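Using the hints, put the two chains back together into the complex; each one sits in its own frame.
First to last, the protein sequences are chains A and B. Note that the first sequence ends on residue 654 in the numbering used here; no numbers are left out. Note that the second sequence ends on residue 1478 in the numbering used here; no numbers are left out.
Possibly wrong hints are sitting among the right ones.
Unchecked claim - Output of the computed footprint for chain A on chain B, the stretches with three or more beta carbons under 8 Å from beta carbons of chain A:
1. 1382-1392
2. 1424-1433
3. 1453-1464
These are calculated hints, taken from the structure and not from any lab test. From a predicted model like this one, the values you see are computed outputs, not experimental measurements. All C-beta atoms, glycine included, are put in the ideal place defined by N, C-alpha and C.
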Amino acid sequence: MISTGYNPALVALSLAIAVLASYTALDFGGRVRDGGARLRWAWLVGAALAMGGGIWSMHFVGMLAFEMGLPAAYDLGRTLLSLLIAVAVTGAALAWVGRRQAARWDVLVAGPIMGIGVAAMHYTGMAAMRMPGNLAYSLPIVALSVGIAVLAATVALWLTFRPTGIWQRFAAALVMGVAVAGMHYTGMAAATITAEESGAHSAHLAATSVDQQNLALYVAGVTFVILFLAMLASAFDQQRIQGELRASEERFRAAVAAVRGVLWTNDPQGRMTGEQPGWAALTGQTRAEYQNYGWADAVHPDDRQPSVEAWNATVAGRSTFVHEHRVRARDGLWRHFSIRAVPVFDGHGAIREWVGVHTDITEQREAEAELRESNEEIQRYAYIVSHDLRAPLVNVMGFTSELEAVREELQTLLRDHPQGARINDDIAESLGFIQAAIIKMERLIAAILKLSREGRRRFDPEPLAMTHLVRGIADAQRHQADRKGATVSVAEELPEIVADRLAVEQVFGNLIDNALKYLDPARPGTVEVTASPAPGNRIRFAVSDNGRGIPPQDHGRIFELFRRSGAQDQPGEGIGLASVKALVRALGGRIEVSSQPGAGTTFIVTLPRGPVTDRSAAITHCPTRCPWPRSDHAAALPCRQHRDDRG
Amino acid sequence: MQPPFHAVSIVMIEDDEGHARLIERNIRRAGVNNEIVPFRDGTSALEFLFGADGSGEVSGRRHLLILLDLNLPDMTGIDILERIKANPHTKRSPVVVLTTTDDSREIQRCYDLGANVYITKPVNYEGFSNAIRQLGLFFSVIQVPEIP
Chain A
8 MISTGYNPAL VALSLAIAVL ASYTALDFGG RVRDGGARLR WAWLVGAALA MGGGIWSMHF
68 VGMLAFEMGL PAAYDLGRTL LSLLIAVAVT GAALAWVGRR QAARWDVLVA GPIMGIGVAA
128 MHYTGMAAMR MPGNLAYSLP IVALSVGIAV LAATVALWLT FRPTGIWQRF AAALVMGVAV
188 AGMHYTGMAA ATITAEESGA HSAHLAATSV DQQNLALYVA GVTFVILFLA MLASAFDQQR
248 IQGELRASEE RFRAAVAAVR GVLWTNDPQG RMTGEQPGWA ALTGQTRAEY QNYGWADAVH
308 PDDRQPSVEA WNATVAGRST FVHEHRVRAR DGLWRHFSIR AVPVFDGHGA IREWVGVHTD
368 ITEQREAEAE LRESNEEIQR YAYIVSHDLR APLVNVMGFT SELEAVREEL QTLLRDHPQG
428 ARINDDIAES LGFIQAAIIK MERLIAAILK LSREGRRRFD PEPLAMTHLV RGIADAQRHQ
488 ADRKGATVSV AEELPEIVAD RLAVEQVFGN LIDNALKYLD PARPGTVEVT ASPAPGNRIR
548 FAVSDNGRGI PPQDHGRIFE LFRRSGAQDQ PGEGIGLASV KALVRALGGR IEVSSQPGAG
608 TTFIVTLPRG PVTDRSAAIT HCPTRCPWPR SDHAAALPCR QHRDDRG
Chain B
1331 MQPPFHAVSI VMIEDDEGHA RLIERNIRRA GVNNEIVPFR DGTSALEFLF GADGSGEVSG
1391 RRHLLILLDL NLPDMTGIDI LERIKANPHT KRSPVVVLTT TDDSREIQRC YDLGANVYIT
1451 KPVNYEGFSN AIRQLGLFFS VIQVPEIP
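Isolated chain B, as found in the complex (with noise of 0.2 Å):
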């Protein structure tokens, strides 16, 4: 692993138990062996994100990169995306939309939000994984800002 990227936790915010583990899966198959950390709802994931008190100083000197689906069971992840846009801590980790949906309009509308990269959750579990895999030859890539 190298070194600047090992301090980078993986925040996974995805409602789908199977999915997590078909991610989580391939992501170790790439050999990306960073921290992964899952949420199953937008609630849980938000006050991860911006503490219990919701100003954000918690993810203060974390190095994160956050997975998001879309689908969520109380919120949408485009709410998710919009307030970590928008808050000064986690403005600069690297959103990465992951969800069934492959509409134009939507994928349009999260980069307008500031989303880095959008992927479409193929069925097609061949290039679902390859998906992944490359992905997680991205994040071992990737360089992730240390939030002040």
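Pulled out of the complex, with its shape left as it was, chain A reads as follows (with noise of 0.2 Å):
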């Protein structure tokens, strides 16, 4: 048996070793997860190699400050060996939980297996010790030095891969420095060195402990070193991902700012909390101004109240909220805003934060009423000057018509005159074509007139039950089907619709009634109407005929007010299609022609299966500018105001 003891400073550099060490491992392991798929394998490398090698050099330091009295060499090969499995073991284990699908139970499997790994690179370096005497253990202290290398490996590695502040980091690294080193000491302590030969080597002591406190210096400034330099590279890799997370920043406010959108953020139970600026610069509310819900100040009386319920309705169902209000701006004015806010889940599912954003849509609300305004107007004028068209007319034909009187009685004074017959044939080919012209006009405005009070009409949205309703206009066609010697056919199951009878009414009606106008004489004719649905809660309605069909350049025309297609051999005035356009239009429909010259067309339109609420809301809304006296009254007076110029 022999006195053993330890050289304090060595072992004072031991725990700095096992702490600092820790330190390092614990730096790269954060970065393990994060990294993309080539810089992971670099920081794993890494981490095992600081945590390994750390372990191992401070082991060693350890050993050479194990004073026995004996000199001790070691065996290079069993030294490595022990390096060796250190840093495979280490790297084992963090490549393990490092996985990315990795739980946070996988550190029970590789805690143990790391600590198991330690304490057979401790042994090992134990058995690499050459010294003249006896090594034995006692299986006790043995079998606790082994748990301590399982508990601080398992704590380590559960450190490693948990997201820590700084200091957190630095505290794990002391205490996981401590618990490496002090698996050391206890498993020296379980070893017993009895010397062969008691004294014979008294006399080297000396010169020995001289070697082996310079050995222990050159390992430990060598770890020193390669800590440094991988602190070094990982300081570097550190400002690199705060550039990174710098630029993702400044893009992601660009972003925001880009869609003229203001960024806010709400606590998990949807409290304004915290510094607001997007917030505080749109509204100049102040923080205490806006904290809580104090928000809602800024926003439109009229939308308040709804926002709020909104918003706890969201908050309370943990969905995205997507909503519309004004808010009063730093200047007073209201301004449009449609938002969208997210809930943003910690690693547990739970609800972090709400961020939130205000995108400005003043401008499109701007726009979009002018659109409305403008298309109104344009239906005035149609109105209008349908209207106005029409007096002069009336007098034109009335003149005409009296003129027509007068040649009859020219007729009468002139039958005597050698000129008598060709003045009177002159005079009644002039109002002939007069006439005619006169009647082709009146028609064309009578088809403006139609067309925009189609428009203007306000739509009464009922269910329908389509297969009746377009059963009810195929009968009602029959007599002309028949004639022609046609059939037409409605499917059984056309879905119900919600919209204006009427309307719908027109729009199928004019579409049967062209089908059977423009049948191919050479062929039975068949009109059939089917549907079918479409996205967006839309019905695709077909109506397909095999009738002469219609060439393509004049699938555009068709749609046209006065333009027909093909041979002028029906009578019409070219002003059914431009109706059923501006007619599913209004509906919130859009219609479209497939054909084949020779063997048939089809028209598709294609309906929401609900009412369209803006639209007719557009229809019934009487802007400021409106010149009639009431709203309700739109469709009757002619609007004087553009008038001014007239006599």
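This is the structure we're talking about:
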């Protein structure tokens, strides 16, 4: 039995190495999960080298701190093996826990592996010791040391992959370093060394001790340099990450600004807290003013209550907040905002905060209102023009007829005149052309008037059983179909829609009438009405025929007023499809045509299932510029303001 | 001419000279020879109907039948109709609205305001002259109250 002791300076050194190595490993380990695929492996290897190498070097220095009064040498092979074990085991454990899909309990697998590995490293290192004496181990203490190793490794791994601040990491490194050292010194306590030739080598003791101290210092020095370089690499990476973070944050702010957005955050309970520079800049509210639900004071009084209610419902439902309201800007003007807010979850599925963006849509809203107004204005023009064009027409027609009467009188008077018949014929021919032109003009004006009235009509949506409705239309046109030997078939299960009955009847009435009008006499005519669902809760109705078809160059033209396609062998003004198009648009739908000349035509009318609320609002809405005395009178009175130039 | 109608004046408020002439010709063709007082704008018509003071007393002893066009340069015929039917001195005078507009809501509104007859001027001259002639026949049988 040899009396043993420790060199306190080297013990302290070994402890310092353990702590520093732990810190480096923790720092690297934290980057394993955050880094990209290639960097990930680099950080993993780095962490394994720092931790494994650090533990090993702590262990080695600790061995050198051991004074047993015997000259000891180290077997290079086994010593290197112990280093390899340390690095490999640490690397394996870190890789296991550092997997992206790793669960939290994975440390309970990796921890024991690493602990046992560290113990293996320690005892391999002990076995590398060459000395004139015998080593014996106390089994319970060995077991204790392994237990400590497992515990320390598990804690270390757990700490490594937990997001922590710098001080927490520092404390963790301290605990871990002490635990690693504790394991080592417990392991040493398990060893009992018996000298073979007691005293024989005492003379060398001093010299050996100096060698040992130097070796310890070398190892420690090299370790420190390696760890220092590692920390340097880590610092550079930290800077890179922070640079990326700053760039990403700036990009994010720019993106929010680019959509004319105002960014704000709320706490998990949906209260506005903390600094809200965006909101403060928009509304001019101070932090005290907007705090909690104070922001609602900047919302338009009409929108306030609905906004708060919608927000509370969203917070309770943990869903995405989509809303619109008006906010009083710093300059005191109301601006329209579209709002979207989403909950930000932490790792455990709890809401960490709410992040929302107010997007300024004032201009969009104004443009929409302007468009609506100009649409209404165009309709008013159409109405006024068609009305006012009629008045002079009455004169032309009236006085032409008066002239006709005069012509008859003249004819009697000129009966005996040699030129009498010619004069009479000239007058009659001229009057005939004038009258024909007037009749045509009147028809055109009537068509414009009809269209403009359809656009202005107030729609009255009601549920429509489409099969029943379209069959009714087909029955009304049975006479026409029978005369042409054509059949109109309406699908059994046309879906129900909610829309204005008259408008829908006019649309399908016109389309079926057209189909029957332009059949191909070469084959028995068939007209089919079918329907299928379309995206956006719409129904796609198709009115198909096997008629004469429409050449491709006319597919756009046929929807224009007074334009017709193909041989002009059927009566009509060319207003049917223009009116259908206007009606379909007013119903919130769209109409398309596909046709092959000589094969048939299909008109596709896509209508919403439900009523178009904002559309009917647009029709009844009377803007401030409205020159009519009352909005309920809107369709009746032509606008006088535009007629100031008249005498 | 029947005696009761003899004193009745037809006030024609019509901005279109041609229309006015056609209306007059056809009324005459129906054998109606009453005085026709034409006005081409609302302002002068109102001045005639309600006097310079606007009270309407000036129409107190008149027997008037008013032919009214709705599209006037300075106001709508609706405004005139409203004032005629609101004034105690003129409210009993028959008002015939004669206009190009055949919009159902406008027709309704005119009757709501107290118009007695609403006639759309047909562009078709035959229809037009028929309508006016029948109106003339109607004038010859209509009783116009004396306004106190």
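| query | Which numbered hints turn out to be false for this structure? | reply | Violated: hint 1 alone.
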